[in-house]
Each structure stands twice: as structure tokens, then as C-alpha cells.
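Asks: Residues per chain are reported as follows:
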Amino acid sequence: MSNTDKEALMTLPKKKFKFWNLIWVIVFIAGLFISTDVTHTDLGALFANFSQFTDIFLQMLHPDWAYLGPIMPLLLETIKMAILGTVIGSILAFIYSLLIARNIVKNKAVTGILRVIMNVVRTVPDLLLGAIFVAIVGIGPVAGILALAICTFGIVVKLFYEAIETIDPGPIEALTAVGANKLQIIVFAVLPQVITYFISYCLYAFEINVRASTVLGYIGAGGIGLYLQQTLQVFDYAKTGTIILVIIVVVVLIDYVSSKSREALMK
Amino acid sequence: MDTNMKKLPPRPVDMQKRILHWGLAIITIALIAWSCTGMDFGGIKATAGQIAGAIFNGIFHPDWSYIYNGSGEDLVSQLWQTVCIAFLGTFISAIISLPFAFWAAHTKHKKWYVSRTGKIVLAIIRSFPEIVLALMFIKAVGPGSAAGVLALGFHSVGMLAKLFSEAIENLDDGPNEAVTAVGGSKTNITMFSTLPNLMPALISNTLYRFDVSIRSASILGLVGAGGIGYPLIIALQYRQWNRVGIILLGIIIMVIVIDWISGMIRKKLV
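From first to last, the protein sequence lines stand for chains A and B.
The working numbering puts the first residue of the first sequence at 1, with every later residue one more than the last.
The working numbering puts the first residue of the second sequence at 1001, with every later residue one more than the last.
Calculated from the structure, these hints are not laboratory results.
Here the structure is a predicted model, which is why all the values come from computation and not from measurement.
A couple of the hints might just be wrong.
Stretch by stretch, here's where chain B covers chain A in the computed footprint (C-beta under 8 Å, at least three residues) [as the list claims (entries may be wrong)]:
hint, segment
1, 25-39
2, 108-115
3, 164-178
4, 182-189
5, 210-224
6, 238-251
Every residue, glycine too, gets a C-beta built ideally from N, C-alpha and C.
Build the full structure now, drawing on both the sequences and the hints.
Replies: Have a look at this one:
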């Protein structure tokens, strides 16, 4: 073996230079500079005032246990809101998904328009919906329930109609062949194949709703977020710490139960 | 002909399963019934329909003069600020997420409690309300979009590191073993097998998180952490329904465009 061959074996093969990668890196770095400029982010300021940040944090780490009693009713209200929002939203989503699944409704114009509406509804974040509903129906849990219902609707419809469209077409054909009507096809051919998916998606939406409902009260849409806002306004961080601790425990607990039951369901 | 032929055989009954299903159904219905108790449904304002109509009307008759007037307080600059908050916040969180991800991935450690504690820490970060975090950062760096960037940057770690750690767990062991077999060191393994294999998943997850961050960034303004949320809440308070309409329209278009772009890039990556 000649010397140059040996050298060629010792070194790694040269990587192919990709022009587009360079462009992406440039765009990315430019984006970083522009966004730092637009948002006036200054990490120096953060580190200079970091003591203030940790100070709040330390105060929160010493929760006021006596405050646990008074927040319990609103905590229960939060969970109730999440349940009702999930139920209302998923019932709507159930009907809507059947209407936009292309293997059930054959009319492309109808499904197309309904899908655009769904995609628009999905874009609005939960707290903004909450703020708008507070303006519409007034301060209280009803605004929160409506906001959560619409969020659930957006999540469940998207997942559920995709599940419907991927089902085995065999049973549908079989029922069509024996002369079944649309309702019979849905009940006997479609639903048995997708109902476990539907329940699983509803549970998933419920997890998200529990998270969302804990802060909805901050803007007046009911639930424990109301106390979050009150204690933060008077800088009573020990009480805020109690609320956050309770929120974390409830959210992690419900997440755990729900994800375990989803696993059991999908088995 | 024997008419009995037409009869279907009776369905097999699995008693245990049936009892379980009925039990779950009763529990669910009981929970729903319980949530309806003590709820005050009567508190709806009498003008609800009117206001909803006004907002809906506002979406179709938006306040066009608000779109761009060069003052920096108009819709386009506020939306741009929102995008920048999400961009920088996602970038920061992606960097912080990497070490957390390796901590929480169970394939990297022999001891089970290491990854378990990592997962618990991430769950706690995820559950810490974003708005409270934003308020804490407002105390540190003052109101404005910088607080929003930092809040997003720290909050996103909870979800992003979880996605990253799942990507690490799904990695194939083969390339690592190959590098070890030809005598590569720990750094060589990371440089030539782990990172290149991980990169597409990292970028794809980060882009996905960017989609979510855009939505979060438009909320953070509600507490004064910059972005489009602030003008929206002001317009809602002053009952300028036309302005509410145009802001909503702006948010919807922004989110759809960003979703579309990041979806395209992600499709290319896979």
C-alpha cells in the first residue's frame, strides 16, 4: 500500500458541502440578532437583578400552609370547569369529526369548508379565548368553561377525524352492500373501530384543560387562578407558593392517572 | 327453508369486562354530574349575545387603520414582536433543554433513579404556570418583551426536554457501538454518532415547540410581558370591538402562516 493510500485511510472522508445548510444557518443567526434587538433582551440585566428573581422564588418555597383551606373550593371549581369544558367540547367534536371525515361525508366542498373553520378555531390560544369570553358572558366560571370547550373541540376534532379516516373500509362496504343507511353505517361500522381512540383523545384534552383551567382565573374566567392574581398583586409570595404547589400536585396527579388509563385503553 | 338459519348466534358475554365498563361509565357520569353541582350558570350577562355579535361583526369590519401606522404600537409591529419573543424564547429553551434531556433519558444511565428524578423535575417545570413565571421575570428585568422571552425560555424546557429525552431513548445503539469498535472515545461517540443521529429529531421538536410558543407569546401580553396580548386586552377593556376583530384576525393569520412554514420544514427533515 502506498503512503498516500494510508493517509487517505487515516483521515475521514470529506463531507459534502451543502449550500442550503449555509443559508439556513445565516437566516437563523440573523433571526437571533433581529429578535434580540426587537425584544430588547439583555441577559446582563437578568443576571444583575437575579437576586430579585431568586428572592421571589425563595419566598414561594416557604408556602403558607394555612392558606390550603381557603383555596380548596376554588380548586374544586377548577376541576369542575375542566371536566365540563372537556365534556361539552368533546361532544361537539364527536359530531363535527363525523362531518369532516372524507370516508363518511363524500361531498368535498362541505368537508373542505368545515375543515377551514376547524383550523381557524384551533389557532386561538386558550387564555385569549378566556379573555374574549369574559368580555362576552362576564366574569365567572362560565367564561372559562366555554373557552375550555372550544380548546377541547380544536384538539379532539383534529385527532379524531384523522383516526376516522384511517379505519378499515371493509365494514363500511359490507354494511353498504346489505343496504344500511348512513346512521347504521356510523354506529355499526365506524364507531366500533374508533371509539377507544375517541375516549383516549378526550382524556388527553382533559389533561391539557386541567393545566389551562388553573390559570384561566387570572383573567377572571373562574377557578383557582383568581387567587393567583390576588396574591401576586399584593406580593404575598408565600400564598402564591401554596397555590402553585397545589396546582403542580393536581396537574401531575391527573396527568399520571389519565396517561395510565390511556395506556390501558390502547392495549 | 329453515327460518332458523337467519338468526345470528348470541353474542359472547364477557361478564368481567362488562362490569368494568359499566363501572367506569357510572363513575364518569357521576363525575360529570358532580361538576354541574354548585356551578353558577346564571351569571351570564344579558348583553352576551349583543357583544358576541359585535366582536363577530368586528372580525368582518376590522379597524384597518390599526394595521400599520409606523408608531410601533400597530398590529404588524406587535405581531412581529410576538414572533421574535417566540423565536428567542424557543432558542433559549432548546439550549437549556439539552442537558436536561440527557439527564431524563433512561438509556444513558444504568441507575433508574437518575432518569426518574429528571422526569419528575421536568414535570414540575411543565406544570409551573407560565404567567407566574412571566410575572417573576417582570420583577427582575422590568415589564416588556424581555420578560416574555425569559418566561418562554424557561417554561418550554419542561416540554422540549421531555421530547428530546424521548428522541434520545429512541436512538439506535448500533452507530455508538460502531464508533466504540473502531476505538472512538466518549467525545467521538457524541460527535460522530449521537449528535448526527439526534439532529433531525431535535430540530423537528424545536420547530414544533416554536408553533406552541407563538401561541404562548400571544398570551403573555395579558400580564405585560410584551407581544400582541396587551393591545388585545386593552381593546377588550375599552370595548373597541373592531380592534378586537382585527387583532384576532392578525393572530389567526400569524399562527396559520407559522404552522404552515414549520410544517413544511419538518416534512423536509423527515
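Asks: Hint by hint, note whether the structure agrees.
Replies: Outcome of the hint check:
1. With a threshold of 8 Å between beta carbons, the proposed coverage of the segment 25-39 of chain A by chain B holds, since 7 of its residues qualify and at least three are required.
2. Residue count for the segment 108-115 of chain A with a Cβ under 8 Å from a Cβ of chain B: 0. That is fewer than the three needed, and the coverage hint is violated.
3. Three residues within the 8 Å Cβ limit are the bar, and the segment 164-178 of chain A against chain B gives 0, so the coverage statement is violated.
4. For the segment 182-189 of chain A, the stated coverage by chain B is not satisfied: 0 residues place a CB nearer than 8 Å to a CB of that chain, which falls below the threshold of 3.
5. With a threshold of 8 Å between beta carbons, the proposed coverage of the segment 210-224 of chain A by chain B holds, since 5 of its residues qualify and at least three are required.
6. For a cut-off of 8 Å, the count of residues in the segment 238-251 of chain A with a CB near a CB of chain B stands at 5, and the three-residue condition holds.
Violated hints, in rising order: 2, 3 and 4; the structure is consistent with all others.
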